[in-house]
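Engineer: Each protein sequence line maps, in turn, to chains A and B. All residue numbers for the first sequence refer to the working numbering, where the first residue is 147 and numbers rise by one. All residue numbers for the second sequence refer to the working numbering, where the first residue is 844 and numbers rise by one.
Sample of chain A residues facing chain B (criterion: CB under 10 Å; computed from the structure):
| hint | residue |
| --- | --- |
| 1 | Gln326 |
| 2 | Glu344 |
| 3 | Arg345 |
| 4 | Ile366 |
With the Cβ distance kept under 7 Å, some of the chain B side facing chain A (calculated, not the full set):
| hint | residue |
| --- | --- |
| 5 | Trp926 |
| 6 | Lys929 |
| 7 | Cys965 |
| 8 | Asp1010 |
To be clear about the criterion: a stretch of chain B counts as covered by chain A if any three or more of its residues have a C-beta under 8 Å from a C-beta of chain A, and this derived list gives those stretches:
| hint | region |
| --- | --- |
| 9 | 1030 to 1036 |
| 10 | 1045 to 1058 |
Hints were generated in silico from the structure; no laboratory data involved. All C-beta atoms in this analysis are idealised placements derived from N, C-alpha and C, irrespective of residue type, glycine included.
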Amino acid sequence: MGDWMTVTDPESKTISQYTSETKMSPSSLYSQQVLCSSIPLSKNVHSYFSAFCTEENIEQSISYLDQELTTFGFPSLYEESKGKETKRELNIVAVLNCMNELLVLQRKNLLAQENVETQNLKLGSDMDHLQNCYAKLKEQLETSRREMIGLQERDRQLQCKNRNLHQLLKNEKDEVQKLQNIIASRATQYNHDMKRKEREYNKLKERLHQLVMNKKDKKIAMEVLNYVGRVDGKRGSWRTGKTEASFFLRNEDEMYKILLNDYEYRQKQILMENAELKKVLQQMKKEMISLLSPQKQKPRERADDSTGTVISDVEEDAGELSRESIWDLSCETVREQLTNSIRKQWRILKSHVEKLDNQVSKVHLEGFNDEDVISRQDHEQETEKLELEIQQCKEMIKTQQQLLQQQLATACDDDTTSLLRDCYLLEEKERLKEEWSLFKEQKKNFEKERRSFTEAAIRLGLERKAFEEERASWLKQQFLNMTTFDHQNSENVKLFSAFSGSSDRDTPTLHSRSRQKKPHGVPSGSPVCTSKLTKSLPASPSTSDFCQTRSCASEHSSSISVLNITPEETKPNQVGRECAHQKWSMSSRPGSQEVCYSGCSSTYTNSHVEKDDLP
Amino acid sequence: MNFSEVFKLSSLLCKFSPDGKYLASCVQYRLVVRDASTLQILQLYTCLDQIQHLEWSADSLFILCALYKRGLVQVWSLEQPEWHCKIDEGSAGLVASCWGPDGRHILNTTEFHLRITVWSLCTKSVSYIKYPKACQQGITFTRDGRYLALAERRDCRDYVSIFVCSDWQLLRHFDTDTQDLAGIEWAPNGCVLAVWDSCLEYKVLLYSLDGRLLSAFCAYEWSLGIKAVAWSPSSQFLAIGSYDGKVRILNHVTWKMITEFGHPATVNNPKIVVYKEAEKSPPLGHLAFPPPRAVAGPLTSSESKYEIASMPVSLQTLKPAADRANPRIGVGALAFSPDNYFLATRNDSIPNAVWIWDIRKLRLLAVLEQLCAVRAFQWGPQQPRLAICTGGSKVYLWSPAGCVSVQVPGEGDFQVLSLCWHPSGDSLALLSKDHFCLCFLEMEEGVHTAFGQRGDCT
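Based on the sequences and whatever the hints tell you, model everything.
Structural biologist: Printed below as a string of structure tokens:
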């Protein structure tokens, strides 16, 4: 209670003080003093509480407390008085109840206070966080604002620059214009000057001409031993007025003749070119028709196809044209027809090609993978075949080479080589014999070992069988003791095993398990079992039967042993298998390794297989 | 490939006769005529002064020697060594002299282009043509020798006169729409005359023989224009090289531009082969190519070979001086091969390179970059073989199979400044400042394959 008081806010304290002040409490003065001192130290409070009630003022304090409590809504501490005059007596039960209630209340308040405190803390931290956030955001805002200002500044600068550049460009343009004008004016001036100068020059020339030429310069002369004949052998003729005119006409004629010849030559060339082009065009047309008509046969059969009608038109045109092409093609109408028909056909061809393109792309998209795979397979097959062939050819070549060499060897010196060969053969024979004996000894050893191993294995199997029987009996007892659960269990197992028996290849793990079971299930071990396990051997027809029998056997055995295969149980099996493995590794042969891999653990079968392999 | 011994020469005057039988060369004032195959001296004529111009008549019977300094032309006959003819232009002076196409007339241009005098060797008649224009190429004959086109200038306007060469009658006279005509050239078929303006304006005009304007072509304005013009031998194309470093090709049907060949300084197209001349140290192994005589030659001049440069190739460019006249920019030389298949060009701002264009495909085929600036190139008259000289001691040959660089043997440095093909295309005269020698391209089977192989591997 004291603690509670200390942690309450000063405000609430004053309120309580206020309420308590209305009724003068005996210690109100004191309490006021305490409040005035405003040092709500726990010590003081404690002392204050201890000073609240003394021997003398019990009555008063009780009444005071009663008053206080009633004001707070608690039942009165006093017993209900029957009469007025009777002095009220303190009800202990009520006091205790009050106390209890107060305590409960206080605990509740404490809890609430704690909650509030934690909430306050949370809120405080939230507040901090938010403040941090706010600060950060404020910073961000500031930086972005600064950035924006910077960008704006740059933008402004760039704009300024741009304006300047524009101005410069304009200036340059103006300059160019000006310069062009200057050039033009200079050019005209230059031309003018030139003309003037030239005129002067011409005048001078004229003057010089007169001076030089009209002086009858005797020096200007040709000394020649004798005049030579003309190239054409003609003699130079004197020119008169008449002849000059005729000469002129003749020259004109000749000139025009030359020009005409040139033009004729050119025309001929152009005609030839034209003819060639026409030929090409005609051929193209023909080819187009032949290319397009068979493909369009089908659509034309549909009758409503518009292209079909176009085609028929075209073909008619073509027929006409081919008839007309016998005559000259240069006629304008024919030309028009030709170009029109070509244009039409071209359009058709174009659409057709486009269609084909689309189809091709579709096909390409759809059938890309399949075709690719198929082709690759084919390719691989082909390459394999070829490789095989190459291999064969190589072998052939090798054998041929060997034969050739042998022949050569025999041919070169028969006698010595045969002798030598004999020697070698004898030596080799002896060596081989030695090796053979060694090998036989080894084999014997191996067999011995193998026998001992098999014996050990059989012994193990027997031991295991005994153990199993013991175990079975024990389990039987257990089973008999247990009732409902086990029954269900056994049923499940039955189903399980039946399933494994029906679909043999789907559950290999189960099989191995059942196979492991086998030796003690069917200790005699039929030879059929080996045929199943050694896949390299030809499959006997009894395999399926075997499967069934095996499943049956496993069923039987499980029904006895309830198939609670614990790790301890499988261990001996594994040991056995390991044994077998070791043995196999010792007498490993390429053919027998497969058998090893088939996961067989039964020692008996192993020995049997080995027997098969023996020579 | 064999080389003749070296003969003396002056003023680069050495010419094969049109029939290919003779070779005329000048040494100072002497004219030497040799047999073109044996190089034996057949005739020796002595002129009055140093010969400055030499020309064979079309029938290979006469040789014209012009002595501009004295205003004299001397003509010699091969058939009659004692025959002589001397034409004196007197005080009018002489700046150019040439044969008429019949080989019986000589056209002399007087100083200041006052007039052209046509002298006849058959008659005493003399004709005068007034107002010839002083320009780059103002006089041109048709290939059949029938007509002469002459550029004239009267009253500050350009005219073209067409004369009939048989009697020097004026056939046509028309003014051309040019500011300052720079050159005229007949198409090889003799029916179209190309007229181009001076470099200040890009303008090509095409006139028919009868004086009609067929077409005018202007690629651009306000910039330096045409630098060189060439007709294809079939008269099918007119190639125009201009100062913008491009060649534009016009066709003969519409006279419009077919294509434009730029000459960029970097070539980056794997289809184009760039042959780069590279010097190589001489004593590395024996070589099948220059013959033993070349090995005996001086070791001072290093040999060179062509290497195929890997793309991209940047060619050596010359920075033109902008403040001088006749800037070294633009396509200044271009020539079609005799079979019309190829066009060789030189951009003067990339002086070391010769560009060879395939006219059938209208694209660049090969670029030959030499170590020195290309002085001259000329197509072989029979086969598409281009001979190039750079003023060094080597001659370079290109053919579609490849190209070779051949060292000219001889004592001292033989600097090939110019070259001219024998009309048969079997030999080549290489001219240096004061010597010349003949280079025989024996195109027998063995040599031919060697040529091809060499071309391929280098």
